[in-house]
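*Asks:* The lines below spell out each chain.
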Amino acid sequence: MNWPHRVVVTGAGVVSPLATGAIPYWDGLKNGRSGIASPSAALAALSPKQPVGEVKDFDPLRHFGERELVSLDRVAQFAVVAAREALAQSGLPLEGSASERTAAIIGTGVGGAVTLDDAYRRVYLDKAARVHPLTIPRLMPNAPASQVSMHLGVRGPSFGIVSACASATHAIGLAFQMVRAGIADAALAGGSEACLTFGTMKGWEALRVMAPDTCRPFSRDRKGLVIGEGAAVVVLETLDGARKRGAEILAEVAGFGMTADAADLTNPDVNGMTRAIAGCLSDGGLNADDLDYVNAHGTGTFANDSTETAALKSALGDRARTVPISSTKSMVGHALGAAGALEFVATLLAIRDRVAPPTIGYLGPDPACDLDYVPNTAREAPIDTAISNSFAFGGLNAVLAVRRFA
Amino acid sequence: MADVTSDVIAIIANKVAPEKRAAIQPGDKLQDLGIESIDSIEMIFEIEEKFGVQVPYNANTASELSTVADVVGAVQKLVDDKPATAGAAE
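Quick mapping for you: the protein sequence lines, in order, are chains U and F. Here numbering that gives the first Met the number 0 is used: position 290 in the first sequence is 289, and no number is missing along the way. Here numbering that gives the first Met the number 0 is used: position 63 in the second sequence is 62, and no number is missing along the way.
Watch out, some of these pointers could steer you wrong.
Examples of chain U residues lying across from chain F (beta carbon under 8 Å, computed) [to be verified]: (1) Arg-129; (2) His-131; (3) Pro-132; (4) Leu-133; (5) Ser-157.
Label-pair restraints from in silico Cβ distances [what the hints assert, rightly or not]: (6) U:Pro-381 / F:Asn-13: 56 to 64 Å; (7) U:Ala-127 / F:Ser-65: 28 to 36 Å; (8) U:Arg-32 / F:Ala-21: 45 to 53 Å; (9) U:Ala-128 / F:Asp-79: 13 to 21 Å.
Simulated from the structure, these hints should not be mistaken for laboratory data. No residue lacks a Cβ here, since even glycine has one placed at the ideal position from N, Cα and C.
In isolation and in its complexed conformation, chain U is listed as follows (with noise of 0.2 Å):
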């Protein structure tokens, strides 16, 4: 189908376990470092044996005044600094009537999981007789979106997306979809997420699917999936705008692809995933030949890593056996709603170095997980096109293809 736009990268920002910022995260990446370890201090409700994904070096107070983070929950802090590093990156201007061509969206699992809870642990527990008054727009999934709009000025087409797992993807997709369109001449996208609560981290234990150890995709003796938090947001606009200014284009939204299971609430399903990834393929006008790197959803559950496996088996045919494929999340846990944009930027940077970041905590081959996973070790590799596969719970399957611009 002939687009009326070709859509760019020109900015990317990252909180996360390993880093705030998008490059000091993909160092971190780069050299297999795990941000995955037991709760810090500041989480002391949960229990102690739990690893996870924490973001621990961020200070709000850093970021925002007093007053500001009176309406700001955690998921909201992370996306506006996110927004904040991708947008400087760019350079993209927002004065007067670009603004309104610009769109905001954001994706989240949650919400202010935060606020919900100290809501929650106020009247159930310590049986106030009120909660604070900003609780319902704090806590509200839009937040993020909102507060991106509202601190950058953005004031083009902008809301949540909430597809589980999938909604950061589904976000950059949406975003990319509106650029090449000319829906909207660029946009602030990615995903959100802070929910390491008690209550929260409650409802996860209840799935039996959370691992002890820590996160191993697909590993033999991988126990589950591991929560994090962070926030990703990229900034796409056209490639006639982006060279109309000058500026540096990281890489090249190439396709997208999303569908539903219609099956499961929480299994996965080989159909769906294929489905979206040989979507995602054709909307670019790629072949399974093209691509040097998938970003695989892999979160270390029994469940996902040997349908993904057989997903790519049945998307790409022979090529699934020599392409690489990782998944860092071994190295930040699973983001939920921002772990899609999370390794949208991986899946960037990795074709900007030309490096495939490893999975590590990798033990040694499952039977049903039998192709290169870059175990523990990043690896040099001819990366020019890329996916990143987000399937989320809710059987919703969300795939993007990203390109470097020549």
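Once you have looked at the hints, place chain F on chain U.
*Replies:* Using the frame of chain U, we list chain F on its own:
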């Protein structure tokens, strides 16, 4: 009954830009101090917490609380009218 003035002014001051805090006068209009709707509901919240009272305030209706003195007076009345046992659970 205890005088609530200094406590109420401290709560209001917390919503005001730091450089204006020390100079707050009873006759100052809340609006002139830069107190917006969100600051007002937060102020009411903190007053209710502090004094164990219920302030009959609805953001949808015009407020009679225009100046700092209006707020102090309203809170003083609520505190004075409070039954001796009320608020014990606060």
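*Asks:* Against this structure, judge whether each hint is valid.
*Replies:* Now the hints, each set against the structure:
This hint holds: U:Arg-129 has a C-beta 6 Å from the nearest C-beta of chain F, less than the 8 Å allowed. With 8 Å as the threshold, the beta carbon of U:His-131 comes within range of chain F, its nearest partner Cβ sitting at about 7 Å, so the hint holds. With a cut of 8 Å, the hint placing U:Pro-132 at the interface with chain F holds, because the nearest CB-to-CB distance is about 4 Å. Taking 8 Å as the C-beta cut-off, the interface hint given for U:Leu-133 holds, the closest approach to chain F being about 7 Å.
Restraint check, U:Ser-157 versus chain F: the minimum CB separation of about 20 Å is more than 8 Å; hint violated. Distance hint check: the CB atoms of U:Pro-381 and F:Asn-13 are about 59 Å apart, consistent with the given range 56 to 64 Å. Range check, U:Ala-127 to F:Ser-65: Cβ separation about 30 Å, and the 28 to 36 Å hint holds. Between U:Arg-32 and F:Ala-21 the C-beta distance comes to about 48 Å, which sits within the given range of 45 to 53 Å.
Range check, U:Ala-128 to F:Asp-79: about 20 Å between beta-carbon atoms, so the 13 to 21 Å window is met.
Consistency with the previously given hints fails for number 5 only.
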